[in-house]
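Protein sequence lines, in the order shown, are assigned to chains A and B.
In terms of numbering that gives the first Met the number 0, the first sequence is residues 0 to 274.
In terms of numbering that gives the first Met the number 0, the second sequence is residues 0 to 162.
Derived from the structure by calculation, the hints contain no laboratory data.
Treat the hints with care, since some could be wrong.
Straight-line C-alpha distance at most 25 Å; calculated DMTMM-like pairs for lysine to aspartate or glutamate [what the hints assert, rightly or not]: (1) B/LYS159 to B/GLU45; (2) A/LYS222 to A/GLU252; (3) A/LYS63 to A/ASP247; (4) A/LYS194 to B/GLU28; (5) A/LYS222 to B/GLU28; (6) A/LYS222 to A/ASP143; (7) A/LYS222 to A/GLU212; (8) A/LYS67 to A/GLU85; (9) A/LYS222 to B/GLU27; (10) A/LYS63 to B/ASP127; (11) A/LYS67 to A/GLU253; (12) A/LYS222 to A/ASP201; (13) A/LYS67 to B/GLU91; (14) A/LYS63 to A/ASP143; (15) A/LYS11 to B/GLU45; (16) A/LYS67 to A/ASP201; (17) B/LYS93 to A/GLU12; (18) A/LYS67 to A/ASP78; (19) A/LYS63 to B/GLU28; (20) A/LYS63 to A/ASP51; (21) A/LYS222 to A/ASP189; (22) A/LYS198 to A/ASP180; (23) A/LYS222 to A/ASP206; (24) A/LYS222 to A/GLU85; (25) A/LYS222 to A/GLU253; (26) A/LYS194 to A/ASP247; (27) A/LYS222 to A/ASP106; (28) A/LYS63 to A/GLU85; (29) A/LYS194 to B/ASP127; (30) A/LYS198 to B/GLU91; (31) A/LYS222 to A/GLU241; (32) A/LYS67 to A/GLU79; (33) A/LYS11 to B/GLU91.
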Amino acid sequence: MRRLYDRVVHFKEYLLLALFLALCFILLAQKDTSQIRAIRVLTIGSLASMQDALGFIPNIFDLKRENKILREVNLTLADEVSRLREARLENIRLRQLLGLREREQFDYVAARVVGKNMQPLRNTITIDAGENDGLRVNMPIVTDAGLVGKVVATSGAYAVGQLLLNKDFRVSGRVQRGRVDGIVAWQGGDFLILKNVAKTLDIQVGDVVMTSEFSSIFPSGIKIGVVHTTTQARGALFQTVEISPSVDFVRLEEVFVVRYTPDSDRIALEQRIAR
Amino acid sequence: MQRTVFYSLLSLLFLVLDTVLTKFLVIEEILPDIILLWIVYLAIREGQIAATTAGFCLGLVMDLLSGQDGMLGVVALAKTIAGFVAGYFYNENKTQQTLGGYEFLIAVGVASFVHNVIYFLIFLQGTDIGVWGAVFRYGVPTTLYTTALGLIPMFAFARKYSS
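Make the full structure from the sequences, and use the hints.
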């Protein structure tokens, strides 16, 4: 017995490592159970409140630069608003003529980014709005510039958002000019990729890419980015379309969560057909 | 016991600072791993057991914070092994020399590289993204950046212990 004890003491570092590795592999094999969700909610809630308390640090340094940018954006937007007002009136008139349904109006919840978890290929943010504000998992996160990501976990007062720059993120995208559809994903680097676009389809550098109606999570018409390059490899069926995201993820400070719940009738019907 | 509580509180502070200071430290999507620097410090100061335990606990919290289904444990695994590897640089009689010398940087570099290779090997399973491509695109720059940031505590310790 004594010898066994001595051996355990002698190899304690290795035994501890083995124990932790076993725990890690067990956790990796787990699905998102209710117990894990509860621990996650507790961790997010407690750490996010501390991040929130330290949130003043970035603001002090960035205020001047942000003011300058906001003034410039304000000027551009004021001009755009007057043009869009005209276009909206025309749009209403034409929709009435054709009998088309009016697009949904969305309810937005403003939130401050209190923490960023920028592990390579796994970028997430923590925001100071949660279930108490009506946020639920899968709700889209946007800024004035475009799509940021979606909510993946919530606690009472906080939520974690998965960014577009995350290897697990997918969204149905549409090129605004050519009405070409594809799946937008990120595989590392500065650009997003528009997948499954046939070589014959017309896409040009500078084309705007928006969310499309095919998504069951995101409402259509949210800007994702602008086409940066298109490459047509020999022998391939699809072209490679790189998109420059419209949101500056490094300087993300305030976001809006769209309180959007997909049409359950549509999802139920699609699932019934798929079975 | 008192020391454990003190280290736990400091770990918590580093976790919060890591997420709050992100925007100041990011260069071309590359961020230094402040948590790993802290784990290496613990390894040199307290030894392999402390660093391995800290690596597991801090990695697990980071996994929980990322809110991603199906990948709980990947950062914990990488940081546990990194802490264990950094523990080989522990020398009870030379703690101050190690912290204030180039050995600290070597420990940071080795632990960071091991961490990144393990992280990408597991995290990128089942994706189109190449593991080694990701290691060279993110892992190597992160290792270099973390090691470079390690110069700050190294000089601070060198100054502290020489006086």
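Legend entry - Given hint A/ASP201 paired with A/LYS67 - CA-CA distance at most 25 Å: Distance of about 38 Å is beyond 25 Å: violated.
Inset, instruction - Quickly compare the C-alpha distance for A/LYS63 and B/ASP127 to 25 Å and report which way the hint goes. - result: The given pair, whose Cα atoms are some 42 Å apart, is violated under the 25 Å limit.
Inset, instruction - Verify the proposed pairing of A/LYS67 with A/ASP78, using a straight-line Cα cut of 25 Å. - result: holds (18 Å)
Inset, instruction - Decide if the proposed pair is consistent with the structure: A/LYS222 and A/ASP206, CA atoms, cutoff 25 Å inclusive. - result: This hinted pair holds, its Cα atoms lying about 11 Å apart.
Legend entry - Hint consistency between A/LYS11 and B/GLU91 [alpha-carbon to alpha-carbon, up to 25 Å]: holds (17 Å)
Legend entry - Hint consistency between A/LYS63 and A/ASP247 [alpha-carbon to alpha-carbon, up to 25 Å]: holds (17 Å)
Inset, instruction - Take a quick look at whether A/LYS222 and A/ASP189 sit within 25 Å of each other, Cα to Cα. - result: The given pair, whose Cα atoms are some 17 Å apart, holds under the 25 Å limit.
Inset, instruction - Mind checking the alpha carbons of A/LYS222 and A/GLU212 for me, to see if they're no more than 25 Å apart? - result: holds (13 Å)
Legend entry - Restraint status (C-alpha distance of A/LYS222 to A/ASP106 at most 25 Å): Status holds; Cα separation ~17 Å.
Inset, instruction - Measure nothing beyond the straight line between the CA atoms of A/LYS63 and A/GLU85; if it is 25 Å or shorter, mark the hint as holding. - result: Distance ~34 Å between A/LYS63 and A/GLU85 Cα, so the pair is violated.
Legend entry - Distance restraint between A/LYS11 and B/GLU45, which requires alpha-carbon spacing of 25 Å or less: holds (15 Å)
Legend entry - Hint consistency between A/LYS198 and B/GLU91 [alpha-carbon to alpha-carbon, up to 25 Å]: violated (64 Å)
This entry does not satisfy hints 8, 10, 13, 16, 28, 30, going by the numbered hints stated previously.
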